[in-house]
Amino acid sequence: MVKTTMIARVSDALPLAASIDDEQVEMELKEYKSQAKLIFRKLNLNSEKRCSIESGSYVFHYIIDHGVVYLCICERNYPRKLAFTYLDDLSKEFFMSYGNEIDRPGLRPYAFARFDTFMQNTKRMYQDTRTQSNLTKLHEDLQDVTKIMTKNMEDLLYRGETLDNLQGKSELLLRDSARYRQTARDVNLQALYRKYGPPAIILFVFLLVIYWRFWWY
Amino acid sequence: MRPVGQAPPRPGFRPPIPQQQQQGQLAQPYPGQQQPGAQQFPPRPTPPHSGQQQMNYRPMGPGSNGPRPVQQQGTAPPRPMQQQQHNQDPSHLQQQNNNALRRPSAQGGQGPHSPSNQRPTMATPPFGSQQQHQQQQQRPPPAMGGGIQQRAASPMIRPANLPPPGSPGMPRPFQSPQIQNRPPPGQFVTQAQQTAPGSPAMNPMGFMSGPPNGQNRSQPPTPRMQHQQQQQQQGAPTSQQLHQQHQQPLHHQQQQQPLHQQQQQQHPPMGQDLGLMAGPPTPTPHSGAQKSKRMYPAGINAYTEPPTYEATPSNHSFQHTGVPAPNQAGGMQQQPPAQGSQFFVPGEKQAPTFGQPAPAYQQGLQPLQGQPLQPNVNQLAGQMGGMNLGNTGYGGAQGIVPISTVALMGTAPKIYDLDAPPPPIRLPETASITQSPFANCDPSYKRSTLNAIPATSQLLTKSRLPFGLIITPYRSVKEGDEPVPVVSDSIIARCRRCRTYINPFVKFVEGGQRWKCNMCYTLNEVPSSFDYDPQTQRPVDRWRRKELNHAVVEYIAPTEYMIRPPQPLVYMFVIDVSYPAVQCGMVATAATTILESLDRIPNDEGRTKVGIITVDSSLHFYNLQAASGEPQMMVVSDLEEAFLPQPQDLLCNLSECRPVLEALLNRMSDMFKDTQNVGNALGPALNSAYKLVSPIGGKIMCLQASLPNLEAGALKMREDPKLLGTAKESTLLQSASSFYKSLAVECSKSQVCVDMFLFGSQYSDVATLSCLPRFTGGSTFFYPAFTAAKSEDALKFAHELAEFLSQRIALEAVMRVRASKGLRMSAFYGNFFVRSTDLLSLPNVPRDQSYSIEVSFDDNLSIPVVCFQTALLHTSSSGERRIRVLTLALPVTTSLSELYASADQVAIATLLACKGVERGMNSKLDDARDALTNKVVDILGVYKTHMTASSSGATPNLQICDNLKLLPLLTLGMLKHVGLRGGSQIPSDLRSYAMHLLSTLPSQCLIPFLHPRFYSLHDMPEHCGTIGDHGIEMPQTMNLSSERLSRSGLFMLEDGQNIFLWIGRDAVPQLCMDLFGVPDYQSIRSGKTTLPTLEADFNQRVNLIVGKAREMRRSSYYSQLYVVKEDGDPALRLWFLSHLIEDRAEPIMSYYQYLGHLKDRVNSGSF
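Each protein sequence line maps, in turn, to chains C and F.
Per my numbering: the first sequence = residues 1 to 217.
Per my numbering: the second sequence = residues 10001 to 11167.
If we strip away everything but chain C, and leave its shape as in the complex, we get (with noise of 0.2 Å):
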């Protein structure tokens, strides 16, 4: 079942609202909150528009709709299609209802909380996945849930960091490349000055001779 529901703006991650939860799912929840504020935050208008993200024993469904994300997390069995049914309900209902006064500025957070009624309504439907209509809803093939790609939380936490390191890597070897060439270049010269050095001198000290002869004579 859907454990709990939050809206945010896409652009500044500001959450408009939230549905609000018993103690007992805040307590189960308090991790899985942060990674979804955590998952607003990554988001951007280019982003996927629906995704699955898995993590523990919850998956994280959302969809991004005219710059507002809408986030679930429910139960790892809870069907899929289902949630993404009830995200799209929702979306429907928040646009139409607060859609031009998303983007107005100077927003407080939480400016939508009265959503929550409609949430709290809405999330009852979708309680009980073997109700009539629920059911009629995932055979209906209103959402085509097989191309929403599900990605893993840990990728999604650790990717950033893995392009820094990367980043560090790159940046190493540039450096390292950047040495190397200057004690190639070094190396080189030294080799040159062997090689031609002595002749050099042999041959200066001769001219240095001659030029003496024709001064003194």
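There could be a bad hint or two in this list.
In silico contact screen, one side only, chain F against chain C (beta carbon under 8 Å); selected entries [stated by the list, open to error]:
{"no.": "1", "residue": "Pro10558"}
{"no.": "2", "residue": "Arg10607"}
{"no.": "3", "residue": "Pro10695"}
{"no.": "4", "residue": "Ile10696"}
Here are the simulated DSSO-like pairs of lysine-lysine, each with C-alpha atoms no more than 27 Å apart in a straight line [as the list claims (entries may be wrong)]:
{"no.": "5", "chain 1": "C", "residue 1": "Lys3", "chain 2": "C", "residue 2": "Lys92"}
{"no.": "6", "chain 1": "F", "residue 1": "Lys10691", "chain 2": "C", "residue 2": "Lys123"}
{"no.": "7", "chain 1": "F", "residue 1": "Lys10749", "chain 2": "C", "residue 2": "Lys37"}
{"no.": "8", "chain 1": "F", "residue 1": "Lys10414", "chain 2": "C", "residue 2": "Lys30"}
{"no.": "9", "chain 1": "C", "residue 1": "Lys137", "chain 2": "C", "residue 2": "Lys123"}
{"no.": "10", "chain 1": "F", "residue 1": "Lys10691", "chain 2": "C", "residue 2": "Lys33"}
{"no.": "11", "chain 1": "C", "residue 1": "Lys3", "chain 2": "F", "residue 2": "Lys10414"}
{"no.": "12", "chain 1": "F", "residue 1": "Lys10414", "chain 2": "F", "residue 2": "Lys10935"}
No lab work stands behind these hints, which were simulated from the structure alone.
As the structure is a computational prediction, the values presented were derived from the model and not from experiment.
Where is the CB? At the ideal position from N, CA and C, for every residue including glycine.
Fit chain F to the known structure of chain C by using the hints.
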């Protein structure tokens, strides 16, 4: 330089004093308003006047403007660039200043005053320049003309309302040294100095009529000045002609001179700042001697003083006045800021919020104007100096606070002063960066028992005065009150170390880039959004920000201040429906009232949730979301493990379930009318309600008319008349069951608040049940002997419940009080739960509840101003997370007399009441009373010993300072109050309730509660009871003494909870007819009454007065009206008479006896 006056003061804050307006017109704020080329100069505002004009928001009179400029300079933020420039420009600038200022005799004096931080390369130019200067001086006219034109053309010259361009060597940074060293600036100086002694030479110019102001006169012309005068006589005529030939801009220049001159004269007092900053003007005799030897031609030496004179006399002469810095230095310091602000006329046009600091700050914003930046250094210096000044002798700077001693005995207490405002807070002028009248906290929000804070804990101990704060953070805002300004852009600047919110008492430093916390003195970055609005992409004026102008502000909190979305309002009613409750009509009245108040419950966002549980020997839950539209009742009789049937539906949205809820409330009185059930399981009901509400948090309103007697939380009838009046009485005032305490802690954790409405025909154990509200930030209401059959009872309850439901309360709040380093909050009184050492957790914040906090010393204070900041993070009832910040700044004093003169008796009484209640509950009532009396004896004794002539030995009278003269009376009021009075007549319920009120009422309501208002109605003047200029006119209050009662009179006494109408037995029938509509005295019914509304004028007036008495304070209590007949019900009569606290009431003394007792204790030295 005082930028305040330059900018036209904002209309909102300018007191409409005609004189000032006139000056404003004269001041001609902008150049455009001045006639170009006008030969007749408009009379310039003389300096003191301009000072006055600038001082719109200052408490002090104009006479004190001497030292102010410096201090204000201090407030102006210096700029970061200044250091750099300071090193470059000032070499010329200062050198030039020196030249200019003392040209005639300057030879020796330069060395001493050249800034010690000059770069070594600077050492050379002065010589040349000075020489050049000297030469030019001998042929002044042409050079001066050039110079003046130069000045006139320069964009710096601004109209005269600007602060005077300072002085002498008004430096133009981008000019070549040659230009700078031309005489004209010097010429001005000499003029200025010449006029200073009152020379008539200025008069032809039309600047000043009459002698300059007192400060000018006070400084006798020095020999040096005489020289200047002589010289001026030679050179001036030409220069003046020249001046007059010049056109308009020049006029400005000339007009500015009086100002400028005055400012120069003002320097001596402020020079101290410079001295403190830069060290004493260290004469460098080496360089000075060198210079004088080398440079000066003999001819000039002829009329210079010997170098020694020049080097030292200025020091000497000023050391006389205790000011280390020389005049010249002051001049330099004074002048550049003025110049600076000249540059920024555009900025001024934006009318900086509260004037004064803004221009200086805008200076800082536009550093490219090429103005010398040195002023800012000096501003900083001024700031430092100002602090030190305040520190060393704040009292001295402000003048010793007058303390008037009054004798207490032999006169009736002057009770009018109960309503007097607290003693003024005498902050130094520059304490607040904006001169806003709202910069300090209003006493109705927060007041301190001492309006001047002792510098050391020893001083506090010595004075024996209690030190604490009375905070009413969420007081209601009635019509006419200023609403709390809201900062809505969620920019919250806080100190990164002590987390103090930015407030009007911080200082901006480094050109306004940083602010210095006024609690811990950490430097913090100023958020860039203070000056620039990223949304509109425009610069904004930071001085308009509300948090810099108001001591009470609310921020809209950003996400960081939320751990979850703001909770909706939740009202859970737990209604007792056992036999006694139904019988007394409570259930029916409550149901009707709730039904009628449904519209008034705050429901801005449509999220408010409501639920109802009724309880007798079983729990009844109601499904309010039933599809049928009918409420569905579910009975749970298993009390041991009460479960919640259909937990989803028991608490539902008010807007959605409204019809079902209305149906339920309509039926409720009928549902239980035949019940015979006398059981009440309040404990399980509260547990269930807690389970329902705790996920969200909210309010549980408990209406209880019988003693809970089942399962957990069952209470016994424990009132024992034998215990009353003995030392064991306080056990009755303590909680009987730990269940309620532990539940209260649980509730507090999950943001649940419990309010108790207690109705008792018998004992209802207020002491135990009021535990829940005490720890969850709730309120207790108690209706002894309630019967709805009496319409007055029903009306009172209905009114209070409806008010309570419609209150816009705050939710899930935490409150913390921060204070300047060295002070610590040590004890807390009120309804809350202390979570960590100083974090008060308030699941709900009702309106008009007061919290008292005792403050103690950690360390001695070495700062001039102490700040207390209360931050209340809460969710408003409209679902916004907000932070309400209250900032109170108080001066620090080292003098005992000032400490006494600034003590606030009302706040002290409030704090003492809280402490007394605490003591009475935890130990014995006797102890509490003794402690109160001892405190007063201590205070009187210390006052006698240290503040009056008769320090030891017996004195015939008690003496105390004027502002504490009512403290003995208020203490007596406490001793005689139901909450603390001795005797065995007072039921513990009443006492507990009175104690609850004593510790939660705000001062405004507490003082009448301790000392009721007493009016004589039968002989009140005609205008009383009619609607006058300030609402309904009330009669004069009288002393609470029965000697005021007369046998034929009608008197009213009200204490905010009850109103008594006392009618004498010889009342004339006409009065009975007019007021009560009955023919004679015998027919008047005593007891709880509602006054009839009659045609008679007297009846209408008394009705208005009663109505006013019920509404004139910020509280949701509705006073019950009792009619007391002189020979009526003895209990009622006694109750009425017990309010007359100046009388003797066994076993407690009368006021005069009490004073005598105090005097004996004081004289015997037993304090």
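Verification of the supplied hints:
Against a cut-off of 8 Å between C-beta atoms, the interface hint on Pro10558 of chain F holds, since the closest Cβ of chain C lies about 6 Å away. The beta carbon of Arg10607 of chain F is positioned within 8 Å of a beta carbon in chain C (closest approach about 5 Å), and the interface hint is therefore held. For Pro10695 of chain F, the interface hint holds, since its Cβ comes within 8 Å of a Cβ in chain C; the closest pair sits about 4 Å apart. The closest approach between the C-beta of Ile10696 of chain F and any C-beta of chain C is roughly 6 Å, which is under the 8 Å cut-off, so the hint is satisfied.
For the given pair, Lys3 of chain C sits about 20 Å from Lys92 of chain C by alpha-carbon distance, which is consistent with the 27 Å threshold. For the given pair, Lys10691 of chain F sits about 21 Å from Lys123 of chain C by alpha-carbon distance, which is consistent with the 27 Å threshold. Between the alpha carbons of Lys10749 of chain F and Lys37 of chain C the distance comes to roughly 24 Å, so the proposed pair stays at or under 27 Å and holds. Our distance criterion of 27 Å between C-alpha atoms is broken by Lys10414 of chain F and Lys30 of chain C, whose separation comes to about 61 Å.
With a C-alpha separation of about 14 Å, the suggested pair Lys137 of chain C and Lys123 of chain C falls inside the 27 Å cut-off, and the hint holds. For a cut-off of 27 Å, the pair hint linking Lys10691 of chain F to Lys33 of chain C stands: about 23 Å separates their Cα positions. Only pairs whose Cα atoms come within 27 Å are accepted, and Lys3 of chain C paired with Lys10414 of chain F is rejected, the gap being roughly 67 Å. As the CA atoms of Lys10414 of chain F and Lys10935 of chain F are separated by approximately 21 Å, the hinted pair is consistent with the 27 Å bound.
Of the hints listed earlier, those the structure fails to meet are numbers 8 and 11, in rising order.
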